[in-house]
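Once you've looked at the hints, dock chain B against the given chain A.
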Amino acid sequence: MSAPYRIKGNTGEWEVILGLEVHAQVSSKSKLFSGAPNDFGSEPNENVSLIDAGMPGMLPVINGYCVEQAVRTGLGLKAQINLRSVFDRKNYFYPDLPQGYQISQFLDPIVGKGTLCIDMPDGSTRDIGITRLHLEQDAGKSLHEHSPKHTFIDLNRAGIALMEIVSEPDMRSPEEAGLYVKKLRSIVRYLGTCDGDMEKGSMRCDVNVSVRKPGAPLGTRCEIKNVNSVRFMIKAIEFEAQRQVEILENGGKIDQETRLFDSSTGETRTMRSKEDAHDYRYFPDPDLLPLEFSQEFVNKIKATLPELPDDKKQRYINDLGLSPYDASVLVADQLTTQYFETIAAKHNAKLASNWITVGLFGRLNKAGLEIDASPISTDALSGLLALIEDNTISGKIANVVFDKMFETGKSAVQIVDEEGLKQVTDTGAIEKVIDEVIAANPDKVAEYRSGKDKLFAFFVGQVMKASGGKANPGMVNELLKKKLA
Amino acid sequence: MGNPTDFTLAEARDALKAKKLSSRELTQAYVSNIEKHNPALNAYITTTPERALKDADAADVRIAKGQAGALEGIPLAIKDLFCTNGVQTTAASHILKGFVPQYESFVTSKLWQAGGVMLGKTNLDEFAMGSSNTTSNFGNVINPWKAKGSTKDLVPGGSSGGSAAAVAARMCLAATGTDTGGSIRQPAAFCGIVGIKPTYGRCSRWGVIAFASSLDQAGMFARNVRDAAITQTVICGHDPQDSTSQLLAVPDFEKALSGNIKGLRIGIPKEYRVDGIDSEISALWDKGIGWLKSAGAEIIDVSLPHTKYALPTYYIIAPAEASSNLSRYDGIRYGQRVTPQGGSLTDMYCQTRAAGFGKEVKRRIMIGTYVLSAGYYDAYYKKAQRVRYLIAQDFKNVFEKVDALLTPTAPSAAFAIGENSDDPVKMYLNDVFTIPSSLAGLPALSLPAGLSDKGLPLGLQLIGKAFDEETVFRIAGVMEEAAQFKAVPQEVEA
Chain A
0 MSAPYRIKGN
10 TGEWEVILGL
20 EVHAQVSSKS
30 KLFSGAPNDF
40 GSEPNENVSL
50 IDAGMPGMLP
60 VINGYCVEQA
70 VRTGLGLKAQ
80 INLRSVFDRK
90 NYFYPDLPQG
100 YQISQFLDPI
110 VGKGTLCIDM
120 PDGSTRDIGI
130 TRLHLEQDAG
140 KSLHEHSPKH
150 TFIDLNRAGI
160 ALMEIVSEPD
170 MRSPEEAGLY
180 VKKLRSIVRY
190 LGTCDGDMEK
200 GSMRCDVNVS
210 VRKPGAPLGT
220 RCEIKNVNSV
230 RFMIKAIEFE
240 AQRQVEILEN
250 GGKIDQETRL
260 FDSSTGETRT
270 MRSKEDAHDY
280 RYFPDPDLLP
290 LEFSQEFVNK
300 IKATLPELPD
310 DKKQRYINDL
320 GLSPYDASVL
330 VADQLTTQYF
340 ETIAAKHNAK
350 LASNWITVGL
360 FGRLNKAGLE
370 IDASPISTDA
380 LSGLLALIED
390 NTISGKIANV
400 VFDKMFETGK
410 SAVQIVDEEG
420 LKQVTDTGAI
430 EKVIDEVIAA
440 NPDKVAEYRS
450 GKDKLFAFFV
460 GQVMKASGGK
470 ANPGMVNELL
480 KKKLA
Chain B
0 MGNPTDFTLA
10 EARDALKAKK
20 LSSRELTQAY
30 VSNIEKHNPA
40 LNAYITTTPE
50 RALKDADAAD
60 VRIAKGQAGA
70 LEGIPLAIKD
80 LFCTNGVQTT
90 AASHILKGFV
100 PQYESFVTSK
110 LWQAGGVMLG
120 KTNLDEFAMG
130 SSNTTSNFGN
140 VINPWKAKGS
150 TKDLVPGGSS
160 GGSAAAVAAR
170 MCLAATGTDT
180 GGSIRQPAAF
190 CGIVGIKPTY
200 GRCSRWGVIA
210 FASSLDQAGM
220 FARNVRDAAI
230 TQTVICGHDP
240 QDSTSQLLAV
250 PDFEKALSGN
260 IKGLRIGIPK
270 EYRVDGIDSE
280 ISALWDKGIG
290 WLKSAGAEII
300 DVSLPHTKYA
310 LPTYYIIAPA
320 EASSNLSRYD
330 GIRYGQRVTP
340 QGGSLTDMYC
350 QTRAAGFGKE
360 VKRRIMIGTY
370 VLSAGYYDAY
380 YKKAQRVRYL
390 IAQDFKNVFE
400 KVDALLTPTA
410 PSAAFAIGEN
420 SDDPVKMYLN
430 DVFTIPSSLA
440 GLPALSLPAG
450 LSDKGLPLGL
460 QLIGKAFDEE
470 TVFRIAGVME
480 EAAQFKAVPQ
490 EVEA
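Protein sequences appear in the order of chains A and B. What the first sequence shows, in numbering that gives the first Met the number 0, is residues 0 to 484, in sequence order. What the second sequence shows, in numbering that gives the first Met the number 0, is residues 0 to 493, in sequence order.
No lab work stands behind these hints: they were computed from the structure. A portion of the hints provided could be inaccurate.
What the hints assert, rightly or not - Facing chain B, from chain A, some residues (calculated, C-beta under 10 Å):
hint, residue
1, Leu49
2, Gly53
3, Pro59
4, Tyr64
5, Asn90
6, Phe92
7, Tyr93
8, Pro94
9, Tyr100
10, Pro147
11, Thr150
12, Ile152
13, Leu154
14, Pro283
15, Pro285
Here a beta-carbon is modelled for each residue, glycine too, at the ideal position from N, C-alpha and C.
Looking at chain B on its own, in the form it has when it is part of the complex:
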């Protein structure tokens, strides 16, 4: 037996069940990997090795008793946006430094109930606001991949950069993420792994620190499609504590991986052939279309006419909701507080929030406050809501003709740290392909489809009908087979 971290999640699961491997051995291997790679990559804000080994031992006992859950003994990482009982939860913000929730998010509860082992809490952009994981108060996350012949640090994407880097660098078998406008899919693409954002309403938002409530959705990162399907099945499901959570049965997504997509109709939206798209990405997209054709799918050119309005629409709605969601971080009840000498209540609010929030968060709070203010509400927020409806209608219309859509995940491969950081709009463009489906609340998955000339992973995105994650997984499984993406980051090889 080689290094147990070479196992995929499905393999590890089966090995554990067959008692060829103990969760303690597996978990210890991951704890060692974290010790080895995390100092360089900074993927974790908090590691919980003692808890992990305790969880592992308990899992081994349950396996021995034949009481194994779906993820029994599997070491997992949790984006530090999920509240975890007794473990610091920061949203990568200074304002929540030292905050230890006395409750467990619904999604992570489901993982622990299924037997998952917690390795720690992963880094992210502050309050999940960013596309490069460079806005964290706990330092940048470094992408485990390097461009050919370069030692330059690259971004892992964001906001769930820590989770993506942790999965790619084998510092966990799978990790939770949250996706508001692409925060799972774009880092999955940048790190050469699979990331799934389910339909809005599939996963409970209870206990997940809110960024933009009408868009936030939890999802999973894993090394391959099957592992993503296994873990995503566990975290879905109705929660009466979240009014937007849907009362629907959750299919076993692993069972959807039939390998057969004959006759499925796949749409190729012409509006995604945007100017400035990397030619390599364009070529990879065509390659992906070829794989689908070879597998017997029918390719249909479609149009989503309001696509170009998606980005500006998103950057009105998401900050608007965020400006309100982040009001609770006032230093009164928990988190950091700055008490100015002789200052007023307003001074306390101002200084607490000035010291507690980073630049990008402040920028979005200000944008959001502006678009909701009297006199601007109709021109910005209300109009954006109308456009959002039109964007959702676009998808609804094309889904009468096709079963899923194929697009690139991001307009480029991972870029260097510091790049794009002087121009927020350029940074926001990273999410141009992921945002429309977020606004429409649709399930979408990114899978690694090839390497760029520089040897960096590139992703393709599949977008499905609402609550039809199964078709998305099924197509992804076929594409994964065709892509034969076997590359691993230099950090892992080392």
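Isolated chain A, as found in the complex:
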């Protein structure tokens, strides 16, 4: 385990305590309580029903598919599924909230306690508690940029189903918070319950931040609203934790408040203080009966769950012999696992894993590409691995070939043929190079023979260099040993 994350203050070290509230938009065709469509990118106010617009006499009716999606997500978080939950009204006035209240779940959420396991870079894991998951309606959007005098309202988002997923205050570093969000995103994507797209606003995070001296009781927290990328979230936490430490070390105290992260300055600022906090006057929505379903309904959904990242990872470690770290990198994304499994079916799994997590990811990162846009198809990479496995090329040459494949889109075989990169496995040819190297370095040969074993690597390097990297490294080793003996 790596050292715990600490902020160094003037009075010593501080620990950061983090809890997350993630709003994940349910993947569904229509909204939570109206038949209006969910399409992203429609014209303003195109997807608005009479219910979404809060017209007089309109009533909500629960969308059963959204309930299924919430249950599916709960099962993915190994959480308690509540067979009876209640929709409450959260009352407040805002122009983009047409009903004057948001239908949410307050006291009795659909999903209770669960766990999310995060994968640390050192290969270890940490369990983060899930407090609850509940269903609620999204609000519309207020647009202030079109006119200095008027606010425009777009109700397309009003009434869309969100899952609010609340964590326990179990995270201790910005990195853990980032890993939590990534893992949550990975799980909902596996489940198909949310597209996890933070840019489109399908996943939005609020972060609760407090600091304390290690071992001391919990400090007062601030909530940072609507951090819309993992990178910004980490920045926001770093800034906020530092701000709190400075206040406390200067003898001040933290006001419990809601703060907003400004990505242009990297700072957080007060949005509303505790005194200004709304009294939402939650009460059970009398238009809706309690949400009740049977254990069979849950079991049916359970039977359709895909293999989730944690299980997949365990399988990769146990059955394929991958390292925990490599396994966690591969399972983070479903497309990657598909890519990997296609190749691992034909080749050594470890070799496949290495060439994907290091070779392919490195190049994709550099090119700013995601795996679904990879210029190297599974067949192409498979072709390269075949050449390594049958000793046609060495790993080192394979790297060169991979670069060329990435650039040109040509197959590994074609590149090796065209550039004459085939590995030299002819004993005579290798011996000839070895003889030349020995002849050119009489001093080193003498030193080696007098006991300086470390020089062996030098000779290997010289031989490989002289062969243009093409000599089979195993044979070089073997023949060198003989010649130097």
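Then chain B, alone, in the frame of chain A:
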């Protein structure tokens, strides 16, 4: 043939079917009656005579083709709390003045599908909040009845006062109402007609402007029990757009009027003999008990021990729900808006709602907001919910022993306009007999049973088991027969 408005709904229906009368003739007679009486009574906010005659002609065509629906050609009035496509719908509030829905409530859709003719939208207490129809932004409704030897204007009851007055004054054959704590039954009693509030979940609330969602229920006003049964049958039924609407078959309530109640057990709840009850009403109640006995029913004294908590419980739950339901009237998307010069968004909300809502509505929004606020929720709203459960349990217990309950509908006859208006609590007491069954969601009907010494109608209430409107109608039919209530308001005689 006399004036076609003398026909009851059942008679008119049969006459139309037999082609002794056309819907146009019938409708024209009602349009004329509206012209004659409405200026004095103010029962309608909006009249739609052109639409009515068009509906009537279409009905006549369907009758001629033999395609008549259950209410084909019958002129009806609609409480202005039901959204009607293309016709202004106000809830009697300034804030919705000029609001024209582009959709039709489920209940009124059913009436039109059955062939009903729309005469217009009736007045009510603002957002159905009141027991005297004196909180409307469109003026008071005047009860067509006057006390003997008096010209003093009396209230028609509320909140569905316009509908009740319209039926009593023969400005329609039947009218829709909504009942949250007595808003159909009390005005029915005050106006000498029949009013039925069905079981909660019988009628869809879709398209009905909400007051208190867990209590609101649509029902009908008519001149007699049979007419109420005919119309109520039409508006009941499951609606997937209302999550609280029950998926149950709707019986033909008219068929329940067998005239036979032999062996039925009728409960008389002792807690309804409250202090301050009019002695005339007490006497009428005893009379009603006598009629039931004579008809062969068994009278059983029962107890509903939590009755005394019903009124305070109601005045926590109903305002709580109302405070939230009325949040949507913010001037942003429809209705009236006040835009203060240089003011903030909050100023706009405040001024819009200050100008848009009347005093009683504001009072209930404030009560409701208070009982739901942090720190008060448990003491008020939560406790009220628990008491509501106990009240429902009371009924459940007695309904193991009896088939229905008989009580007075209201503690007094219609009172003068302005009376009780300085004291909201006194006004709220009007609903003391109707509220408990509302909290329990039970069906209840008020029928005219006699006249007071002053010549004003008095009503008795029958409360039934959940979804057993049939028994309620059956008993009501027998009592109506016994009561022989033939009086008509002076306004009609004139």
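To see whether the hints hold, each was checked on the structure:
no.: 1; hint: Leu49; verdict: holds (6 Å)
no.: 2; hint: Gly53; verdict: holds (4 Å)
no.: 3; hint: Pro59; verdict: holds (7 Å)
no.: 4; hint: Tyr64; verdict: violated (15 Å)
no.: 5; hint: Asn90; verdict: holds (5 Å)
no.: 6; hint: Phe92; verdict: holds (6 Å)
no.: 7; hint: Tyr93; verdict: holds (8 Å)
no.: 8; hint: Pro94; verdict: holds (5 Å)
no.: 9; hint: Tyr100; verdict: holds (6 Å)
no.: 10; hint: Pro147; verdict: violated (14 Å)
no.: 11; hint: Thr150; verdict: holds (8 Å)
no.: 12; hint: Ile152; verdict: holds (7 Å)
no.: 13; hint: Leu154; verdict: holds (9 Å)
no.: 14; hint: Pro283; verdict: holds (8 Å)
no.: 15; hint: Pro285; verdict: holds (4 Å)
Taken one by one, the earlier hints fail for this structure at numbers 4 and 10, listed in ascending order.
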